[in-house]
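J.: Protein chains in written order, with my numbering: chain V, 663 to 812; chain H, 663 to 812; chain E, 663 to 812.
No lab work stands behind these hints, which were simulated from the structure alone. Errors might be hidden in some of the hints.
Because identical chains cannot be distinguished in the list, a pair is counted as satisfied if it fits within a single copy or across any two copies.
Simulated crosslink set (DMTMM-like; lysine to aspartate or glutamate; CA at most 20 Å straight-line) [to be verified]:
| hint | residue 1 | residue 2 |
| --- | --- | --- |
| 1 | Lys801 | Asp704 |
| 2 | Lys675 | Asp747 |
| 3 | Lys801 | Glu759 |
| 4 | Lys669 | Asp747 |
| 5 | Lys751 | Glu691 |
| 6 | Lys806 | Asp747 |
| 7 | Lys806 | Glu691 |
| 8 | Lys675 | Glu759 |
| 9 | Lys749 | Glu691 |
| 10 | Lys780 | Glu691 |
| 11 | Lys812 | Glu759 |
| 12 | Lys744 | Glu691 |
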Amino acid sequence: MPIVNCKIGKNVKIFHPKLVNLYNCQIGEGTQIGPFVEIQSDVIIGKNCKISSHSFICSGVRIGDGTFVGHSVVFINDRYPKAVDAKGKIKKQWLMENTIIGKKVSIGSSVTIMCGVKIGNNCTIGAGSLVVKNLNNNKIFYNKIFSKLK
Amino acid sequence: MPIVNCKIGKNVKIFHPKLVNLYNCQIGEGTQIGPFVEIQSDVIIGKNCKISSHSFICSGVRIGDGTFVGHSVVFINDRYPKAVDAKGKIKKQWLMENTIIGKKVSIGSSVTIMCGVKIGNNCTIGAGSLVVKNLNNNKIFYNKIFSKLK
Amino acid sequence: MPIVNCKIGKNVKIFHPKLVNLYNCQIGEGTQIGPFVEIQSDVIIGKNCKISSHSFICSGVRIGDGTFVGHSVVFINDRYPKAVDAKGKIKKQWLMENTIIGKKVSIGSSVTIMCGVKIGNNCTIGAGSLVVKNLNNNKIFYNKIFSKLK
């Protein structure tokens with residue numbers, strides 16, 4: 663079962679324990695985790711959160727109590743990721759920037775959040791957005807769409 | 663095997679039954695379903711559809727015959743998702759808006775479709791688009807891209 | 663185990679062999695592959711690459727040595743995908759356009775790459791981008807974001 667060395671609170675629901683990859687992370691009481699989710703080392707997720715299917719939460723992320731993470735949400739911890747170093751050898755270290763998500767935040771599905779960002783309490787991030795800047799408490803943020811129709 | 667209580671038509675192909683999460687849904691004859699797909703309660707998928715890997719089809723979605731759903735396509739059913747109610751308790755109910763996809767539609771990969779939308783027959787939705795409005799039959803829709811190159 | 667008929671080089675790391683779907687593909691020496699990844703027939707991936715979780719690499723894609731593929735990256739091989747032919751029968755063939763990724767490229771998370779594209783060596787593609795054109799060596803490419811804040 664790919665749930666290794668996690669500190670899991672009371673009443674946490676992991677709907678399909680064989681279809682997630684969680685390691686060395688902390689999941690608060692009452693939080694719910696869908697299938698096809700990866701949560702990496704040192705992530706701290708608060709109480710009563712919902713982490714929806716297909717989401718990826720990397721090392722360096724902290725999520726406050728009561729926050730909703732939609733489906734296919736992707737966090738980032740290295741702004742300039744590389745597979746190899748200058749000599750062509752596979753990299754084992756990377757530059758990590760932390761991402762802090764407040765309480766009762768709502769992160770829509772298919773959102774990507776750049777590293778180094780702080781999202782305040784009660785913020786709402788619209789589906790499909792790319793977030794690259796901090797948001798103060800209670801902000802609503804979404805990408806403006808330009809579309810073509812034939 | 664995470665396929666529970668589904669009504670599955672003849673000649674449906676689920677390529678990796680251990681790598682999907684399907685429950686209480688209906689899959690029409692001849693439809694094909696890739697790995698890492700979740701299909702939730704009450705979804706109805708027509709005949710001869712292709713549901714590609716990493717897609718998420720939530721309660722409230724109906725998909726017509728002969729429709730193609732690309733990879734990492736995400737549907738939505740709650741416009742304002744929240745993990746918790748005003749008292750901080752985890753929410754068990756949500757406001758659901760239905761999404762109706764016509765016949766022989768082509769939904770490109772990485773598309774996100776907002777809830778409450780109706781997509782007509784034979785529509786084509788370009789890869790990476792966010793769809794928030796209805797489309798009449800035979801429309802081609804895609805997000806306009808603005809890009810920077812250094 | 664859904665790893666079938668693959669040519670896998672020395673020191674390749676597939677962190678969760680039960681949570682990937684790899685078939686008829688070639689993975690170069692030292693490359694690392696995360697969970698929830700699908701790699702299809704005839705794909706060739708070079709040495710010392712990192713293929714991150716939730717990525718989809720379809721037939722027709724070739725990836726050079728030392729390239730980083732972020733999380734939830736999606737490749738495409740058919741520009742006009744359809745589930746069924748004119749008679750409504752499920753399609754078994756499709757029009758494939760190849761995609762060639764150079765060496766030491768960095769593809770950010772949630773990137774979607776249209777088929778038929780060539781990406782030169784050492785290119786960097788920003789997270790969340792949709793790439794539809796070729797990139798010469800050493801280019802940095804990203805989608806410009808327009809966002810609204812309330």
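J.: If a hint holds in the structure, say so; if it does not, say that too.
T.: To see whether the hints hold, each was checked on the structure:
Proximity of Lys801 and Asp704 under a CA criterion of 20 Å is satisfied in neither setting, with 27 Å inside one chain copy and 34 Å between copies. In this assembly of identical chains, the alpha carbons of Lys675 and Asp747 lie at most 20 Å apart only when taken from different copies (18 Å versus 40 Å within one copy). Taking identical chains as interchangeable, the C-alpha atoms of Lys801 and Glu759 are never at most 20 Å apart, the minima being 22 Å within one chain and 24 Å between chains. When the C-alpha separation of Lys669 and Asp747 is checked against a cutoff of 20 Å, the pair qualifies neither within a copy, at 34 Å, nor between copies, at 25 Å.
Taking the shortest alpha-carbon separations for Lys751 and Glu691, only the inter-copy value of 11 Å comes in at or below 20 Å, while the best intra-copy value is 41 Å. Proximity of Lys806 to Asp747 under the C-alpha cut-off of 20 Å is found in neither arrangement, the shortest distances being 37 Å within a copy and 28 Å between copies. In this assembly of identical chains, Lys806 and Glu691 lie within 20 Å of each other by CA distance neither inside one copy nor across copies; the values are 36 Å within and 39 Å between. Neither within a single protomer nor between protomers do Lys675 and Glu759 lie at most 20 Å apart by alpha-carbon distance, with minima of 29 Å and 25 Å respectively.
Taking CA atoms no more than 20 Å apart as the test, Lys749 paired with Glu691 passes between copies only; the shortest distance there is 16 Å, against 45 Å inside one copy. Taking identical chains as interchangeable, the C-alpha atoms of Lys780 and Glu691 are never at most 20 Å apart, the minima being 23 Å within one chain and 38 Å between chains. Taking identical chains as interchangeable, the C-alpha atoms of Lys812 and Glu759 are never at most 20 Å apart, the minima being 42 Å within one chain and 24 Å between chains. For a Cα distance limit of 20 Å, the shortest separation of Lys744 from Glu691 across copies, 17 Å, qualifies, whereas the shortest one inside one copy, 36 Å, does not.
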